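Protein chains: 2
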Amino acid sequence: MDRLRFSPIAAGLPATVPFTGPETLERRRGAPFIARLGANENGFGPSPRAVAAMAQAAAEQWKYADPDSHDLRHALAAHHGVDPAQIMLGEGVDGLLGLLVRLTVAPGDVVVTSEGAYPTFNFHVAGFGGQLVKVPYRDDAEDPQALLQAAARHGARLVYLANPDNPMGSWHPGSTITAMLDDLPPGALLVLDEAYAEFAPAEAIPQIDPADPRVIRFRTFSKAYGMAGARIGYAIGPAPLIAGFDRIRNHFGINRVGQIGALAALADQDWLHQTREKVATARDRIAGIARDNGLTALPSATNFVAVDCGGDGDFARRVLAALADLGIFVRMPGVAPLDRCIRVSCGPEPELAAFATALPQALALARTA
Amino acid sequence: MDRLRFSPIAAGLPATVPFTGPETLERRRGAPFIARLGANENGFGPSPRAVAAMAQAAAEQWKYADPDSHDLRHALAAHHGVDPAQIMLGEGVDGLLGLLVRLTVAPGDVVVTSEGAYPTFNFHVAGFGGQLVKVPYRDDAEDPQALLQAAARHGARLVYLANPDNPMGSWHPGSTITAMLDDLPPGALLVLDEAYAEFAPAEAIPQIDPADPRVIRFRTFSKAYGMAGARIGYAIGPAPLIAGFDRIRNHFGINRVGQIGALAALADQDWLHQTREKVATARDRIAGIARDNGLTALPSATNFVAVDCGGDGDFARRVLAALADLGIFVRMPGVAPLDRCIRVSCGPEPELAAFATALPQALALARTA
Numbered sequence: 001m002d003r004l005r006f007s008p009i010a011a012g013l014p015a016t017v018p019f020t021g022p023e024t025l026e027r028r029r030g031a032p033f034i035a036r037l038g039a040n041e042n043g044f045g046p047s048p049r050a051v052a053a054m055a056q057a058a059a060e061q062w063k064y065a066d067p068d069s070h071d072l073r074h075a076l077a078a079h080h081g082v083d084p085a086q087i088m089l090g091e092g093v094d095g096l097l098g099l100l101v102r103l104t105v106a107p108g109d110v111v112v113t114s115e116g117a118y119p120t121f122n123f124h125v126a127g128f129g130g131q132l133v134k135v136p137y138r139d140d141a142e143d144p145q146a147l148l149q150a151a152a153r154h155g156a157r158l159v160y161l162a163n164p165d166n167p168m169g170s171w172h173p174g175s176t177i178t179a180m181l182d183d184l185p186p187g188a189l190l191v192l193d194e195a196y197a198e199f200a201p202a203e204a205i206p207q208i209d210p211a212d213p214r215v216i217r218f219r220t221f222s223k224a225y226g227m228a229g230a231r232i233g234y235a236i237g238p239a240p241l242i243a244g245f246d247r248i249r250n251h252f253g254i255n256r257v258g259q260i261g262a263l264a265a266l267a268d269q270d271w272l273h274q275t276r277e278k279v280a281t282a283r284d285r286i287a288g289i290a291r292d293n294g295l296t297a298l299p300s301a302t303n304f305v306a307v308d309c310g311g312d313g314d315f316a317r318r319v320l321a322a323l324a325d326l327g328i329f330v331r332m333p334g335v336a337p338l339d340r341c342i343r344v345s346c347g348p349e350p351e352l353a354a355f356a357t358a359l360p361q362a363l364a365l366a367r368t369a
Numbered sequence: 001m002d003r004l005r006f007s008p009i010a011a012g013l014p015a016t017v018p019f020t021g022p023e024t025l026e027r028r029r030g031a032p033f034i035a036r037l038g039a040n041e042n043g044f045g046p047s048p049r050a051v052a053a054m055a056q057a058a059a060e061q062w063k064y065a066d067p068d069s070h071d072l073r074h075a076l077a078a079h080h081g082v083d084p085a086q087i088m089l090g091e092g093v094d095g096l097l098g099l100l101v102r103l104t105v106a107p108g109d110v111v112v113t114s115e116g117a118y119p120t121f122n123f124h125v126a127g128f129g130g131q132l133v134k135v136p137y138r139d140d141a142e143d144p145q146a147l148l149q150a151a152a153r154h155g156a157r158l159v160y161l162a163n164p165d166n167p168m169g170s171w172h173p174g175s176t177i178t179a180m181l182d183d184l185p186p187g188a189l190l191v192l193d194e195a196y197a198e199f200a201p202a203e204a205i206p207q208i209d210p211a212d213p214r215v216i217r218f219r220t221f222s223k224a225y226g227m228a229g230a231r232i233g234y235a236i237g238p239a240p241l242i243a244g245f246d247r248i249r250n251h252f253g254i255n256r257v258g259q260i261g262a263l264a265a266l267a268d269q270d271w272l273h274q275t276r277e278k279v280a281t282a283r284d285r286i287a288g289i290a291r292d293n294g295l296t297a298l299p300s301a302t303n304f305v306a307v308d309c310g311g312d313g314d315f316a317r318r319v320l321a322a323l324a325d326l327g328i329f330v331r332m333p334g335v336a337p338l339d340r341c342i343r344v345s346c347g348p349e350p351e352l353a354a355f356a357t358a359l360p361q362a363l364a365l366a367r368t369a
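Protein chains in written order, with the UniProt record's numbering: chain A, 1 to 369; chain B, 1 to 369.
In short, the hints are calculated from the structure, not lab data.
One or more of the hints may lead you astray.
[Said to hold, decoys possible] With beta-carbon atoms standing in for the labels, derived distance ranges:
1) A:Gly155 - B:Ala369: 55 to 61 Å
2) B:Gly108 - A:Thr357: 56 to 62 Å
3) B:His154 - A:Ala52: 32 to 38 Å
4) B:Asp312 - A:Ala15: 49 to 55 Å
[As the list claims (entries may be wrong)] Stretch-level coverage of chain A by chain B, calculated; a stretch enters the list once three of its residues show a Cβ under 8 Å from a Cβ in chain B:
5) 102-110
6) 135-141
7) 178-188
8) 253-266
No experiment lies behind these values; they were computed from the predicted model shown.
Glycine residues also receive a C-beta, built at the ideal position from the N, C-alpha and C atoms.
Can you build the whole structure from these sequences, using the hints too?
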């Protein structure tokens with residue numbers, strides 16, 4: 001008997017990973033990137049108050065974080081006007097998505113998502129033996145009707161939708177989301193990933209009773225709050241579902257510095273407002289760079305812009321590779337037709353300027369390859 | 001169909017949690033603890049070099065951590081004289097134990113541990129549908145022979161042993177551990193939790209080929225390195241098993257500040273050496289406090305001391321409750337006969353002095369209750 005054998009589900013999983021980190025790419029190319037614009041990180045950084053709180057908390061790292069995240073959870077509850085029992089903190093949205101799948105999906109259960117949507121969610125679904133059913137994007141946006149139809153046809157347990165969407169940056173009005181809930185098949189739960197919500201226009205955010213048993217929402221400090229490294233995400237949903245996470249989560253999994261930093265970041269809504277303005281300016285800048293190169297930037301309600309490179313996926317992949325060679329880290333959608341685009345994260349002007357310099361060269365290289 | 005239904009395994013899990021955090025206890029009592037000596041945290045704190053590195057890293061929290069933990073993994077490999085492919089970083093030993101169970105245990109598989117040993121490991125085994133078989137401690141230490149016999153009798157998939165042990169602080173010589181490997185039933189993997197290894201005498205640490213397919217070891221920055229809040233643990237084991245973690249882990253789950261801090265902490269072995277000496281002094285101090293109160297401190301190879309309160313579990317629980325009322329946070333083993341003890345973490349003298357002041361009062365209260 002092989003001592004190193006894996007459990008049946010794990011044995012059937014591929015050895016691939018959802019994303020290769022930029023540090024790995026830097027090691028491969030033997031030099032650091034000039035511009036880190038690929039992971040939808042927020043180079044405008046955390047609130048100075050959060051930075052100060054985290055720096056001060058460093059000496060107290062000998063303590064575990066509060067496993068209940070009491071102070072942060074209560075502050076978030078007040079911020080969102082929900083009950084603290086309707087909020088669960090976790091190691092980023094990624095960690096929480098994994099827990100949600102584990103909590104709700106039995107092997108063989110169907111989970112519906114969009115072809116080209118968040119790979120890490122798919123990683124978790126496969127990781128717990130769920131069966132993924134994917135529907136195509138429509139007009140570079142996730143397609144609520146197609147998702148609902150697939151959910152009904154397959155008796156889906158979960159339906160994943162990101163609003164605003166990653167990787168395309170598109171968004172649906174909140175009214176479309178609430179209408180989706182009314183048409184959601186019995187037994188299905190909507191997984192509403194709102195990681196980019198703070199960048200979106202107000203009308204993109206649906207008004208949903210947090211006790212509504214049809215949906216669980218996910219938010220994060222990684223994007224608008226500029227704290228991807230802290231790994232602090234949270235779910236908002238009905239209390240019985242939120243309580244379920246306590247059955248399976250790593251109770252002491254959140255790091256203390258991040259927890260303290262997130263509380264300080266939440267209290268600095270002025271910084272968040274300034275970040276939104278900087279990101280809006282950067283989106284326009286990226287669109288201008290695209291235009292200057294004869295390319296089209298897609299409208300975005302996020303901190304990144306999908307730039308249509310005007311060719312097929314192979315062409316965009318050549319642009320991406322050429323940009324990486326020139327020191328510019330960006331990523332791109334994984335499937336056609338979305339993969340005609342590259343995805344450029346908003347960042348400070350020096351990095352966007354480096355992108356502006358590199359893009360014409362990358363396009364020329366891609367065209368002659 | 002209930003939208004909020006849980007998957008069959010999750011539905012069968014209790015809503016309990018392995019440990020209540022001290023912050024929760026503080027909120028219940030309405031005041032902070034005077035002495036935080038219950039979670040085997042290390043109040044002597046992280047290396048000042050780690051603190052400085054973490055403080056400096058705070059402003060860079062907008063970046064995700066390197067998901068491969070390349071630099072830290074390679075530094076640990078050099079430190080332990082193993083290959084980087086034999087090391088996996090994770091969100092504390094707790095997080096890694098959960099992943100190991102998920103990776104190796106199918107529902108119904110038997111996992112052997114000791115009655116009274118690490119509750120969080122049991123939490124994970126139950127959480128993935130494993131069947132726990134527990135053997136009693138012998139002479140306040142885990143019992144390798146009993147573990148092996150149970151493993152053979154039940155065809156165990158995993159056998160858990162902490163060396164040094166938590167919650168009793170006892171330890172086996174490394175030669176006992178390597179002998180265990182030779183008697184491990186086919187198909188069983190030894191889960192060797194060495195969270196407290198750095199506090200133990202050198203002869204407690206077995207010499208094991210990291211490629212040995214019979215065992216996976218766990219280490220942490222939470223204890224001797226004084227960085228519990230950072231959530232940086234690691235596994236050392238055969239590369240094919242280590243690679244398996246990549247199939248299921250939250251690749252971006254580690255926080256960046258902790259990752260950077262751990263690298264700096266590892267480089268400051270002088271601080272680790274000083275911490276070992278401070279902890280040894282604190283162990284003697286706790287033993288002296290016990291003696292002054294007519295109690296017996298058990299020998300310890302860790303950063304905590306089990307103090308035999310001289311009565312049964314109910315008596316020790318009354319002592320624990322009285323100590324908490326007096327502002328002293330300690331914990332205790334969960335089952336008889338271990339629960340005649342309270343478990344006191346080593347810490348700086350002011351906290352131990354507060355414990356020394358409170359203990360006689362707590363004992364008096366417990367005796368008159």
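Which numbered hints fail:
3 and 6
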